[in-house]
Amino acid sequence: MSIQDLYTEAQALSTAELRDDVVQHLYERSHKLCHEGISYTKTKRDTRTEKLDAIFTSPIFGFPIMIVMLGVLFYLTIAGANIPSSILAEFFGFLEGYLTSLFTYLHAPDWLHGMLVLGLYRGTTWVISVMLPPMAIFFPAFSLLENYGYLPRVAFNMDRLFKRVGAHGKQSLTMAMGFGCNAAAVISTRIIESPRERMLAILTNNFVPCNGRWGTLIVLASLFMAANFTGGIKSLVTTGVIVGIVLFGIIVTFFVSWVLSKTALKGIPTHYTLEMPPYRKPKIFDTVIRSSLTKSWSVLVRAVKVAAPAAILTWVFANIYIGDTSILMYAVEFLDPFGKMLGLDGYILMAFILGLPANEIVLPILLMGYLSTGSLTEVDNLVDLKQIFLDHGWTWLTALNMMLFSLLHYPCGTTLLNIYKETKSKKWTFLAFAIPTVLAILVPLIITQTVRMFDLM
Amino acid sequence: MVNEYRIALAGNPNTGKSTLFNALTGLRQHTGNWAGKTVSLAQGNVEYKHKTFHLIDLPGTYSLFSNSTDEEVARNYIVFEKPDVTLVVLDATSLERNFNLALQVLEMTKNVVICINLIDVAEQQGIQINERLLTNRLGVPVIKISARNKKGFPLLLDTIDRIVTGAIECNPAPMTYPPMIEDKIKLIEPKVRELVGNEISSRWVSLRLLDGDETLLNEISKRLVPEEG
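Chains U and F are the protein sequences, given in the same order. The numbers in our numbering rise by one with no breaks, and the one at position 332 of the first sequence is 317. So the number in our numbering is just where the residue sits in the second sequence, counting from 1, plus 692.
If you are wondering where the hints come from, they were derived from the structure by calculation, not from laboratory data. Any given hint might turn out to be false.
Pairs of lysine-lysine, DSS-like flavour, derived with a Cα cap of 27 Å [unchecked claim]:
hint : chain 1 : residue 1 : chain 2 : residue 2
1    : U       : K17       : F       : K876
2    : U       : K325      : U       : K371
3    : U       : K17       : F       : K802
4    : U       : K36       : U       : K17
5    : U       : K247      : U       : K409
6    : U       : K371      : U       : K219
7    : F       : K802      : F       : K774
8    : F       : K878      : U       : K17
9    : F       : K802      : F       : K843
Could you put together the complete structure from these sequences and hints?
Right, here's the structure in full:
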């Protein structure tokens, strides 16, 4: 009898739970050995970690605590970023006046002023004033949690859910990474050894919003979702909406992982050990402040680098006319019927297409698109901003759909490039593009058609 | 050749396995363990009582279920290369998790020494370990050391020496599984023994086959039955 036959025979005898039973037994014996062979005298530190773990990873409180933590994180980000954001926007608007005077003084041609000031300057300063304050709050707060040792507990809580959908528990760690940057998170999936589970993690990473999309989500949520509220409650409602969007993204992650693990990526999740580090007092200066400052800065530099050329391009498209219609308008009109079906419009789809290189620039491009056609309002604060949207027929439904589209749509160019580098497969890279795109079209489509059918507007 | 023995070092990552390796051999080299990369094993010699111990630093792993290349390398070395003694290095401050690996090694091979490292840190934290009781329960020597401070080395080397000379015999206490699993092992084990003989533990191979470990399958057909080609 060959070993192959024996293997077949053994497999016929075996059950799917065998590995789990074996592992459980090993752990039980380890536990018993430790119970008998180890005694503790002064175990203050150890019991503290154990007690905290009992709360943070408890089957009852684990998830509510996680959601509350997420909520607090977003609330701090949103409430705290409001004022510095508008101060920055005002400051840049103030500077713009001087820049315009300078251009007039130098008798610069109109197109140059349009391209550099109305296109490049507005686009990039928009990115800075909308994105810098939330990042400067979100990153330190997030690294505070990370430093304290809370993130591994999140992974522990999520592990069971991931296993149930046929994915690997470590996917929750790569997911957490995705909140920062999907492109980096795709590389971080290397921590998952099984190729099947790693592919699941890569294909679904995009469903957690990266910081390039935070700006869009936060601005739209605060402008439209919490419009009837003021003061502290406004931030609270905005936070609720953002948490909802993030949770929806996580649900989609589970759903897509589950479908894939039943179809294209069949298999059983592998066993692994997640090491829980002890809770530590975060090193405030070293890790939290310094690392988040460098992180915010590098993200910002990247955004501005991509946003500047895109801003110029958008302006050029909006101002080169073929006949009596600009190139941009041709594209917008072409996309408009489809956009309307999804509860969006041609400008929004155009912005997402031009925003492929980086999600950070979607909102600025959209604004430039709107501004280039309508009356040139000065965008000094968020209220003016809302007027621009309203002038183009926006409702809360448009905002919701755009948020969902932003959450679900295809990964940015850098992420796609990384997916190709990591998988070395055109097929999987294409799927990583196609799955989110199909979802991003279906979900707003269903919502819009339902709302219209029941006349909820 | 008679006086040369191979000693493999296994253990979880970050248990001070490499520190022990360096302290014993005097070699200052570092073994990286990055999943998916070809793993090269660091080797070094220790002279003790006119004997040469060749120490092999296996990759640090949490288990030996061949989830990753590292686990496969470590497992293949212990099972197929058959070191004279396998040293399992454990972290005294998190023994419960660490024992998991030790128990797996005990299923695979007989001559094992359990090295509880970082004992100084554990004592600072008020963790007291009864190594005699553990020795009794496990059936192999359990030794407390501190690789950083080179504490416990004489006893460790002496124990290794006495195992290779046959002065101590290791009798690992077998793991017993629930009847459901034991019954299946009983069904398959005689046939496995026929095939692998006494070269490797037939009980362990049976368990791995039941678990569906295909990488082991390839390893066995490659290493043990080449004549059937």
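Hints versus structure:
Proposed proximity of K17/U and K876/F is supported: the alpha carbons are some 25 Å apart, at most 27 Å. For the suggested pair K325/U and K371/U, the alpha carbons sit about 20 Å apart, so the restraint of at most 27 Å is met. About 22 Å separates the Cα atoms of K17/U and K802/F, which keeps this hinted pair within 27 Å; it holds. A distance of roughly 20 Å separates the Cα atoms of K36/U and K17/U; the hinted pair therefore holds under the 27 Å criterion.
Taking the CA atoms of K247/U and K409/U, the gap is about 23 Å. The hint holds against a cut of 27 Å. Our distance criterion of 27 Å between C-alpha atoms is met by K371/U and K219/U, whose separation comes to about 15 Å. Between the alpha carbons of K802/F and K774/F the distance comes to roughly 10 Å, so the proposed pair stays at or under 27 Å and holds. Distance hint between K878/F and K17/U is fulfilled; the C-alpha atoms sit about 26 Å from each other, no more than 27 Å.
For the hint linking K802/F to K843/F, the alpha-carbon distance of about 26 Å falls within 27 Å, and the restraint holds.
Going down the numbered hints, you'll see the structure goes against none, and every one checks out.
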